[in-house]
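All chains, full assembly: derive it from the sequences and hints.
Chains as they are written, first to last, in the numbering used here: chain A, -16 to 56; chain B, 38 to 193.
No lab work stands behind these hints, which were simulated from the structure alone. Don't be surprised by glycine CBs; every beta carbon is placed ideally from N, CA and C. Mixed in with the good hints there might be a few duds.
Here are some of the chain B residues that sit facing chain A, going by a computed Cβ distance under 8 Å [claimed, not checked]:
(1) V67
(2) D112
(3) K151
Restricting the straight-line Cα-Cα distance to at most 25 Å, the calculated cross-link-like pairs of lysine-lysine (DSS-like) are [said to hold, decoys possible]:
(4) B:K151 to B:K171
(5) B:K171 to B:K186
(6) A:K(-3) to B:K164
(7) B:K85 to A:K(-3)
(8) B:K171 to A:K(-12)
(9) B:K151 to B:K186
(10) A:K46 to B:K171
(11) B:K186 to B:K164
(12) A:K46 to A:K34
(13) A:K34 to B:K85
(14) B:K186 to A:K(-3)
(15) A:K(-3) to B:K151
(16) B:K164 to B:K151
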Amino acid sequence: MPIQKFRSLLEAHKALRVRPGTAEHSHALRSVFWMAARFAPERPPPPGVFKYRSIEEAQAQRKAWARGQIQGH
Amino acid sequence: MDFERVLAVLQALGDNRVEYVLIGAIGLTVHGIVRATQDVDIFVRPEKDNVARLRAALRSVFPEDPAIEEVSAADLAGEYPAIRYNSPDGSLIIDILARLGDAFSYEDLEFEEKTYEGISVRVATPKMLYEMKKNTIRLQDRADAELLKEQFGLSE
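Here it is as structure tokens:
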């Protein structure tokens, strides 16, 4: 099935769902991680343990690290 | 993030009998919604023995890292309900949560045990993931919530 057509992006996303536990699922997982590493490599954040009063605070720090990564490139 | 390292940590959590629940994007992938992510998100029961088992699990994957000792039940149960561990080699980022605001704590989570790449994992149910994501500010979470709703026929 080389070409699939969809009426919406949501429909397209829905078609990407794979049945857990299948070889297709395993392949999709590894492909996604491989692509992310290949096309959007991250500079590793500082190592260690970081503590936050809320998940929002944790997310803000992730954003700050990501901004640093973009500026650094 | 190194996927094989993610699997190693999930295996270690099981081997060390950690009471945890996988949430976030890795949780989605267990249910068949595969998307990239930069970290692993887990809820843990913030009790001393359980957090000691969590540290043991992390040490089994990163044996040379003394920073792991800084993960404490006192922090998780108290002032710091979110702790992030970044491994020394940059292969893994794990967010360890004990509660999300006033809305969710470990005890509130509905989860199921599933096999993921041959590993038994404790993962939040699709409905639970939807509940956690639907009212958040982050666009990615809202998109995930919409997908969960559509794919699992969830209602409000």
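If you draw a straight line from the CA of K85 (chain B) to the CA of K(-3) (chain A), is it 25 Å or shorter?
41 Å, violated
Are the Cα positions of K186 (chain B) and K(-3) (chain A) separated by 25 Å at most?
Holds: K186 (chain B) and K(-3) (chain A) sit about 11 Å apart, inside 25 Å.
Using 8 Å as the Cβ threshold, decide whether V67 (chain B) counts as touching chain A.
OK, holds: V67 (chain B) within 8 Å of chain A, min 6 Å.
Given the hint that K186 (chain B) pairs with K164 (chain B), test it: the Cα-Cα distance must not exceed 25 Å.
8 Å, holds
Check the hint pairing K151 (chain B) with K186 (chain B) against an upper bound of 25 Å on the C-alpha distance.
Roughly 20 Å between the alpha carbons, so the hint for K151 (chain B) and K186 (chain B) holds.
For the pair we were handed, K(-3) (chain A) and K151 (chain B), check the Cα-Cα distance against 25 Å.
21 Å, holds
Given the hint that K171 (chain B) pairs with K(-12) (chain A), test it: the Cα-Cα distance must not exceed 25 Å.
Given pair K171 (chain B), K(-12) (chain A) is violated - Cα atoms ~28 Å apart, limit 25 Å.
Against the 25 Å threshold, does the CA-CA distance of K(-3) (chain A) and K164 (chain B) hold or violate the hint?
Given that 25 Å is the threshold and the Cα spacing comes to 17 Å, the pair holds.
Take the C-alpha atoms of K164 (chain B) and K151 (chain B), compute the straight-line distance between them, and say whether it is at most 25 Å.
Holds: K164 (chain B) and K151 (chain B) sit about 15 Å apart, inside 25 Å.
Starting from K151 (chain B), check that the Cα of K171 (chain B) is at most 25 Å away, please.
Holds, at roughly 23 Å.
Given the hint that K46 (chain A) pairs with K34 (chain A), does the C-alpha gap stay at or below 25 Å?
Holds, at roughly 16 Å.
Hinted contact D112 (chain B) with chain A - closest CB pair below 8 Å
6 Å, holds
Checked against the numbered hints given earlier, this structure breaks hints 7 and 8; the rest are met.
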